[in-house]
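Produce the complete structure using the sequences and hints provided.
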Amino acid sequence: MTGLPAHPGTARSRSAAPPRSSFQPELQALRALAVTVVVVYHLWPGYLPGGYIGVDVFFAISGYLMTKHIVAGVTGGRGFTLAAFYTRRIRRLLPASLFVLSVVAVLTLVFASPISWIDSGVHIVASALYVENWALLINSVDYLGAGTATIPTQHFWSLSVEEQFYLVWPILLIAAWALARRLRPARPSQAVIVGVIAVVGVASFIYSVLATAFDQPSAYFNTLTRMWEFAAGGALALALPRLRIPGRVAIALTWVGLAVIVTATLVYTDQSPFPGSIALVPIIATLAVIAGGDVPGRMSLASVIRSRPVQFLGDISYSVYLWHWPLIVLLPAIIDRPSNGTIKIAILVLSVALAWLSKRYIEDPFRADGGLRRRAVPRPRRAGVVFGAAAAGMVVVSLVGGSAWAVAQTRVAAADASLASLGPLSTMPCFGAADLAGDCVGATTTGNAVYPDPLIARENTGSAGCQQSSGSSDILSCSFGSTAPGSLRVALAGDSHAGQWLSAMKGAANLGGWSLATYLRSGCGIAVAAERGIGGQARCADWNTAVIQKIIEERYDVVVVSLRSSKVGGGSFTSGELTSSAAAISRAWKRFADAGIRVVAIRDTPQPVSAGIFDLPSCVETAGPAALAECTISQDTALVPDAQVEASALVKVPVVDMTDRFCRDGKCPPIIGHALVYSDGHHMTAVYSQTLAPYLAERIETALLG
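For the numbering used here, count along the sequence shown from 1 and bump the result up by 347.
The set of hints was computed from the structure by calculation and includes no laboratory data. It is possible that part of the hints are untrue.
Claimed, not checked - Straight-line alpha carbon distances no greater than 30 Å define the calculated DSSO-like cross-link-like pairs of lysine-lysine that follow:
#1 K706 to K691
#2 K1014 to K897
#3 K937 to K914
#4 K897 to K937
#5 K1014 to K937
#6 K897 to K914
#7 K415 to K706
Claimed, not checked - With beta-carbon atoms standing in for the labels, derived distance ranges:
#8 I681 to S654: 33 to 41 Å
#9 N687 to G424: 54 to 62 Å
#10 G1053 to S927: 51 to 59 Å
#11 D1012 to R902: 38 to 46 Å
#12 D889 to F370: 34 to 42 Å
#13 D941 to L697: 53 to 61 Å
Built from N, CA and C at the ideal position, the CB exists for glycine as well.
Pasting the structure below:
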């Protein structure tokens, strides 16, 4: 860090003062702010809906520091080597991260439901190998749209991106400097390094904007969409020594930068098109704070930046980040209580306490190896020991995580085989929905088994391959049922809560001789919003425009619609929100009606998530024989108001209500006729949906006759 002005009231340039220390307290202050907003966002997202930008602050800091260190080494004749660089990174980051992953693996095996072993095992391995961001991308995880925490290592996505940056960045800069020396052996210029950083930054930024517009959830985890953020920090590292920033300007930069970061955490939401062009805001703000530094003077924040609490939190920010998310996911399972305000405060306190212990007894001892620190180029043998130890640690953690996955997979194979051995579910006596029918006679022949096994329930959705992801506005359609001329042509359209009816609709199509086509997209019901919105809202609006037009062009006889009635995380919308949604829904229905297409709506189902059960299969798995007692939900709390009901009064559309096939006497059991009803906290299993086919077909036909 450059020195301070000789007097607090002067306006001397930061760069004009003689160097005083390599330590920059403003970086620790930024880390403290970044980890605070991330943790608050994860615990109380309603208070800081844009708190996820804290990760981007970390990225810019890393780009600044790493570029500063690498360029000083390669251009200053200090004997910079990749071995030395990677050794420092390993000693700085891996001991604490591998320890946390080991603890997570053990706690998952001991306390978490076997259902979580499959996902957790895979993601523990991916995190240990620092490819968690790609694992989440491949599995189509929507970070900003996630309603509940299920993967205890999901936060390793950002650490994985950083490690991938650390792997590539020094190679690029070394190659750039080698090229500079080749072009001008006598006086090599840093211009080549600047050019490489600029090319990488601009290319990554353009790709980020395009990828975010095309598929935001995937773009969020993509390393290539984030490289420009590191490059921006790197550009500042090269420019800052040449800048002469007056003291008053530096103070203003710090104030404005911090204010912009905080404002972004309040203004950005899960619907913001991030990390597209709007990611420039927190990145530029972070660079402003770094450029401003901690120059003292009137209105300066130097005393706050250098204060003990701020510096302490900055010091432990890495470990706080490591610990907080596993605690959010696992602590409720460990104490066997749903998360609430008290538990969240406990998680906050525990995160700080464990972070301090980790820093003191894990991070610092590994980092403070005097032998390595005194040598710019570590002995190859010692570097080899560090690399070997890191590899061994990664392998051990991967084996522990992989063992959880392997154990679960054995049961998964048996569960799949058992489910495949069943006959046509909709014709089995008293199986599934038939058990709630008044004319149920006979008994199932499944013994005490539950289908699907809770372990595979999450995958038993029925709409796989026929439901577009939330990141795309392209139409995805599937066809089922009759192909005979003159068949009733039916379209099933809406979000995943329409998609959960697909198994029932396929059965109904077979029973009624219908021709069935699907138009489904995650997180996007059929509606015409008053405004297109931005980000996810805009993509949903574009998809709706295209799908509504497609259905009208295809001249279907009937369109069957449904959509989610509860908020993310459970509970009902306000009356104002319901009225607004009903208006948007009715506008879409009117377009169909004006085109001569009949509309039938299916009322959304009762949902465990609204009754406080976020993962019903895990509840059933954990409760075992007591599942009916512990996992049954109240109809009054599980069945929330549905905007479709209000919309039906506006355009006279019949609403099919299947609640009586989920609940009896005000209680909604998790298992009906040996069929597991829900695949998570708010979607049906395909198995249970299939058993609803004859009842749904009858009610749709009745609605069409009405």
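**Prompt:** Taking each numbered hint in turn, which are not upheld by the structure, reported in ascending numerical order?
**Reply:** 2, 5, 10, 12
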